[in-house]
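Novice: For reference, the chains in residue letters:
2 protein chains.
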Amino acid sequence: MKGKAEKIILVTNDDGVTAPGIKALIEAVRPLGKVVVVAPDSPQSGKGHAITIGVPLRLDPVDIFEGIEAWQCSGTPVDCVKLARDKILHGLPDLCVSGINHGANHSINVIYSGTMSAAMEAAIEGVPSVGFSYLDYSFEADFSLCKEVAHSVAKQMLETNLPGGTLFNVNVPIVAAADFKGVKVCRQADAKYVETFDERRDPRGKKYYWLTGEFTNRDNGDDTDVWALANNYASLVPVQFDLTDYKMKKELEKIWK
Amino acid sequence: MKGKAEKIILVTNDDGVTAPGIKALIEAVRPLGKVVVVAPDSPQSGKGHAITIGVPLRLDPVDIFEGIEAWQCSGTPVDCVKLARDKILHGLPDLCVSGINHGANHSINVIYSGTMSAAMEAAIEGVPSVGFSYLDYSFEADFSLCKEVAHSVAKQMLETNLPGGTLFNVNVPIVAAADFKGVKVCRQADAKYVETFDERRDPRGKKYYWLTGEFTNRDNGDDTDVWALANNYASLVPVQFDLTDYKMKKELEKIWK
Numbered sequence: 001m002k003g004k005a006e007k008i009i010l011v012t013n014d015d016g017v018t019a020p021g022i023k024a025l026i027e028a029v030r031p032l033g034k035v036v037v038v039a040p041d042s043p044q045s046g047k048g049h050a051i052t053i054g055v056p057l058r059l060d061p062v063d064i065f066e067g068i069e070a071w072q073c074s075g076t077p078v079d080c081v082k083l084a085r086d087k088i089l090h091g092l093p094d095l096c097v098s099g100i101n102h103g104a105n106h107s108i109n110v111i112y113s114g115t116m117s118a119a120m121e122a123a124i125e126g127v128p129s130v131g132f133s134y135l136d137y138s139f140e141a142d143f144s145l146c147k148e149v150a151h152s153v154a155k156q157m158l159e160t161n162l163p164g165g166t167l168f169n170v171n172v173p174i175v176a177a178a179d180f181k182g183v184k185v186c187r188q189a190d191a192k193y194v195e196t197f198d199e200r201r202d203p204r205g206k207k208y209y210w211l212t213g214e215f216t217n218r219d220n221g222d223d224t225d226v227w228a229l230a231n232n233y234a235s236l237v238p239v240q241f242d243l244t245d246y247k248m249k250k251e252l253e254k255i256w257k
Numbered sequence: 001m002k003g004k005a006e007k008i009i010l011v012t013n014d015d016g017v018t019a020p021g022i023k024a025l026i027e028a029v030r031p032l033g034k035v036v037v038v039a040p041d042s043p044q045s046g047k048g049h050a051i052t053i054g055v056p057l058r059l060d061p062v063d064i065f066e067g068i069e070a071w072q073c074s075g076t077p078v079d080c081v082k083l084a085r086d087k088i089l090h091g092l093p094d095l096c097v098s099g100i101n102h103g104a105n106h107s108i109n110v111i112y113s114g115t116m117s118a119a120m121e122a123a124i125e126g127v128p129s130v131g132f133s134y135l136d137y138s139f140e141a142d143f144s145l146c147k148e149v150a151h152s153v154a155k156q157m158l159e160t161n162l163p164g165g166t167l168f169n170v171n172v173p174i175v176a177a178a179d180f181k182g183v184k185v186c187r188q189a190d191a192k193y194v195e196t197f198d199e200r201r202d203p204r205g206k207k208y209y210w211l212t213g214e215f216t217n218r219d220n221g222d223d224t225d226v227w228a229l230a231n232n233y234a235s236l237v238p239v240q241f242d243l244t245d246y247k248m249k250k251e252l253e254k255i256w257k
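Residue numbers (UniProt numbering), protein chains in the order written: chain X, 1 to 257; chain R, 1 to 257.
Each pair may be met inside one copy or between any two copies, as identical chains are not told apart.
In silico BS3-like pairs for lysine-lysine, Cα to Cα no more than 30 Å straight-line:
| no. | residue 1 | residue 2 |
| --- | --- | --- |
| 1 | Lys-34 | Lys-7 |
| 2 | Lys-7 | Lys-250 |
| 3 | Lys-181 | Lys-247 |
| 4 | Lys-207 | Lys-23 |
| 5 | Lys-7 | Lys-247 |
| 6 | Lys-155 | Lys-181 |
| 7 | Lys-207 | Lys-87 |
| 8 | Lys-181 | Lys-250 |
| 9 | Lys-181 | Lys-249 |
| 10 | Lys-34 | Lys-249 |
| 11 | Lys-34 | Lys-184 |
| 12 | Lys-23 | Lys-7 |
| 13 | Lys-249 | Lys-155 |
| 14 | Lys-254 | Lys-7 |
| 15 | Lys-250 | Lys-155 |
| 16 | Lys-23 | Lys-181 |
| 17 | Lys-184 | Lys-247 |
| 18 | Lys-7 | Lys-249 |
| 19 | Lys-247 | Lys-155 |
| 20 | Lys-254 | Lys-181 |
| 21 | Lys-87 | Lys-7 |
| 22 | Lys-155 | Lys-7 |
| 23 | Lys-155 | Lys-184 |
| 24 | Lys-87 | Lys-206 |
Just so you know, the hints here were simulated from the structure itself, not pulled from any lab data.
Pulled out of the complex, with its shape left as it was, chain X reads as follows:
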């Protein structure tokens, strides 16, 4: 008879191993099992599902979390998850948690987010996975509510018999604990960024551009993550990586010659 072995929880992020958000996440999940950290050695925001193929990767131990095995990797968040499996865990963890991201990853951000891509990479491997993000960008952000949410969601994921490939995108609003309404299951809002690039001249007179963008929600639904966050809920969107548009597929089969 197999005993109740301690659960292995892989922790990663995209803000880098020294970001306050990952420290908060480690504290949130360490009562739930054996935590192993593999995270980028530098900020990797906006890296999406990038992998490193043109240059080799470095992986070094770090001793910055009391009593926790931790590694920093020179690659992207997705590289961290791949390396963790092959070189650190020599197998799959029971749960992968990513974050806590400094800044929102609701709606279309799921596409650009390194935090969510790391979690998705583990989900592709069949590991129940979740990315956590906090709407407060600042280095000094107070992660106490996030920690409660992360602990509770991770605990429920470990205790629920979830199908392989389960992936959640959880965002936490900036709200006083007394006004917080709990976790709400949502769909991804139909939103996008309207970009304008800031055009400048370098000291040699040559043009260069900085990406700037304004978030635009074009979705009035009250079942979206953007709505939930605006109404003091944490949003939980179940995310899939089968990108097939089945409705369109059916239409195309009729008309496509």
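Given the coordinates of chain X, work out where chain R should sit on it, guided by the hints.
Specialist: For chain R alone, kept in the frame of chain X given last:
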């Protein structure tokens, strides 16, 4: 009354502006409208939906395609599409085509592919978009069949009243023209990579890792892109960027406390 203005076709890729695949794609679509090229100045394979936020971007004209306005960008494929809209086209094109990628982007590759992410970025803006990939990786690949497929798909996209956000992932098999069976509408196969990292030592004795991976198809369906390509079809998968798993959402609403 508005006349029939020439269609604007944005061409991009992830292999870089000098790759043979983009030249083939330009040749395939130039009879269909006014072509404008904005592509990375260096190979960007595996960049997924990465955007550049930590460093500024460069954008320079290049004169390598006879009679075609072309620009090279120092950023990712997604950056190219964003810059094209804001700084080159000053608006949206009628169609965005990306590729022709040197190598397959079927099944789970859609997640990692810079080719597909560029097309997805345009689709998020509401532009009908398509990524083309050829299963032959080599620099000397013969793109003649791909060019026919790309021309025909792009033509049909321009002539069909497709909803905003339409996005296709088209892959072309390595097959003699006589054995080619045409374009087949498919779903994304449930496949993944099994990674093992190649571990080496640098001249100072320090470890480093190269990503290597073996493609593993765990999907036996005869309606998938992997099946179609193995059976001498070009695969066409309609792709969505609403990643909400609606089936899981319904389940969670029942059980999630």
